[in-house]
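*Asks:* Next come the chains, spelled out residue by residue.
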Amino acid sequence: MAKELYNTPNLDELEKGPWPSFVTGLKRLASDSHKGADMARDVLGTLETSYVTKKGYWKGGTVGVIGYGGGIIPRFNELKDDNGDYKFPAAGEFHTLRIQPPAGMHYTSTLLRDMCDMFVDNGGSGLIAFHGQSGDIMLQGATEETTQTIFNEFNAYGFDLGGAGPAVRTGMSCVGASRCEMSNTNEQAVLRTLVNAFLDDMHRPALPYKMKFKVSGCANDCMNSVQRADFATIGTWRDDIKINQDLFKAMVADKGTQYVVDNITSRCPTSCMTLNDDNSLTIDNKNCVKCMHCLNVTSPLTHNYIAKGDVEPILATGDDKGVMIIMGGKRTLKIGDLFGSVIVPFMKMDNADDLEAIEDLAGEVIDFFAENALEHERTGEMIERIGVVNFLEGIGVNVDPNMINSTRTSSYVRMDDWDEEAVKWFENKAEANA
Amino acid sequence: MAAAPIMPIESGVPDPIQYMHPTMRRNYGQWAYHDRPRAGVLHHTSKNNEEIFTVRCGTARQMDVYTIKKLADIADEFADGYVRFTMRSNVEFMVSDGSKVDALVSALTEAGFPVGGTGPSVTMISHTQGWLHCDIPGTDASGVVKSLMDEMHEEFTREEMPNRVHMTTSCCQINCGGQGDIALNIQHTKPPKINHDLVSMVCERPTVVARCPVAAIRPAMVNGKPTLEVDEKKCICCGACFPPCPPMQINDPENSKIALWIGGKNSNARSKPSFHKLVASNLPNNPPRWPEVGAVVKNILSVYKEDARDWERVGEWVDRIGWPAFFEKTGLPFTKFHINDWKGSRHQLNSSAHIRF
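Chains as they are written, first to last, in our numbering: chain A, 3 to 436; chain B, 924 to 1280.
Take the hints with a grain of salt, since some may be wrong.
Unchecked claim - Distance condition first, Cα-Cα at most 30 Å in a straight line; then the derived DSBU-like pairs of lysine-lysine:
(1) B:Lys1180 <-> A:Lys18
(2) A:Lys257 <-> A:Lys212
(3) A:Lys89 <-> A:Lys57
(4) A:Lys336 <-> B:Lys1148
(5) B:Lys970 <-> A:Lys251
Hints were generated in silico from the structure; no laboratory data involved. In this text, all values refer to a predicted model and were calculated from it rather than measured experimentally.
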């Protein structure tokens, strides 16, 4: 029989209103008879205390599963009475298991139910976050003892722990090829190649700090990789945008010239689009930066003009697809915000050899990072400290003008081997064209 | 002899194909275009002339197993048994038969899951753990988000914004919530309060000294015990010392405030990605509903909705109209704190004759 719930007047306020309430969910768990119900009940008590005092009451510690050094977020309750006993004993421990989801976060109803049962039947609280900011399924609410049994069952089912601490972290890839016309690569395959090649660095944290992989299929970057990933892979293409001129003209006739100029051609960041007198479109493709805007606007309009059975949209991505790699993104601490910057402007990603090439590059980056970053320093901060040129030499990548917004404005640099560097440029170019 | 422990199977990221809707599997990499028949519904057509409809709805992110099983039941009864999550914790149900969409939308709405979050809407706020589970939070996350999403519920279910609005919240200045069109982050305003009795037992002192962005921490002796002290004139109250040294308590019920930042953008569409920028601070950390924060967010959103052009994200809108106009239109105060003085920030000053009158 479930115990009576604590009085939680503050949290009760969060049961009002139209948006789904996590408090209602927690109360449902706390009122139930499963093994972890008391933990949910005492978590509510702890959280209500936070709402009154405006303080947090969880501290870290060391909890893990056999064979791994990371992947569990330990939480011990700091609310204790004068005797040092937990005020909310059933929530004395409230650990989280980070579980890596299927790439692209696809689930069947059976998988969802089985995950719920595996968690609750082994003593978990029953609170699950889909998903944490790194992209993990977070099973929130286990004790040191139940952590192992819950993990064993998930692991036998085909799921593995994610990353925590100074380690390769759980990655994310977008919906991509499975349901998006903007996709330029096999996003989930790239993500699984990258993360699954470095599971040792995920499960046994020994890097200077975290290392995150994210994969977005186009420059819309739905995975926010440029800002959050040490190693961001973004799909793109090198050839021309495909234009269905008949549909484009039909759109201009319908929406009007002003709409098309205001929302499509004049919004192009490189002014590479011309609306012609006959309502057709010309694109200076050598000057297109694949920003995605014109495709974003026209894809949802296509259905208005396309004939039944036709599948060529108003505008479409090209055929010579691949990825670019942007490295070093992270947020504030410690040196200030850093976007990632271009390290590889283009690389084909069509077959197993291409996947192996990106895996090799990631290996070089992780090795260099492990050797050269300071403790608690992310890839971007390391690049900032040592300079991108040293980083490029370290990972064996040649300089490329796509890496910069502008060339140097300061003359304070020693350039006595200029001629050798100039020769390298021409040699590398000749090699690339060979 | 004791049984050998079970060693983990290091299987890594699971293959998603086995959990993917069959229409998505069949048309993998073959999608041609899409449209949105209504807010919350996507309709994709493939080069093989197959179609799939997606109905998107919001969740609380932190869900109890009964809520998750309810989603599974709806997937079985009204969809084809498949779902996927977006990175903003929305859940998507896929059906290959468009005639199933209306019943699915009704079932979700009746079960309390708001349908929306597509196109130019205010979608779910990506957020962090807060008081529920984090070890260093200045505020809650789920509660702030619940309060704000209640306020903006209608904008989630409609597509009436100039472009999509991606919001984030973060419970400390590490900013795990990430960049956002509007970001709500804790901003501490007082230096850490140090428990000198505990520092030498709990903290690796050189690590803590090294963590400070402004070199304000130095070793010291207090009451005969080795500890750390903070030069409060240099301290920027960022809280970087608190995670490696919990006795340096940065969270303060009254003096940890909430700041609002706008214009973060990850997409490369039109303009390059941009960081969010400070617009308001010193808002009270006021559970359980944070009304003062909600009021400023709604103010900014309503001005943006009224004033921005189609497709302009919040940051692009301000870039076009200029910061003086932003402060005039929103009525928010402009202060010396809005001017960035962190290293490398001088390029954020207006070094031109470009002034709007």
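*Asks:* Quick one: which hint numbers does this structure break? Sort them smallest to largest.
*Replies:* 2
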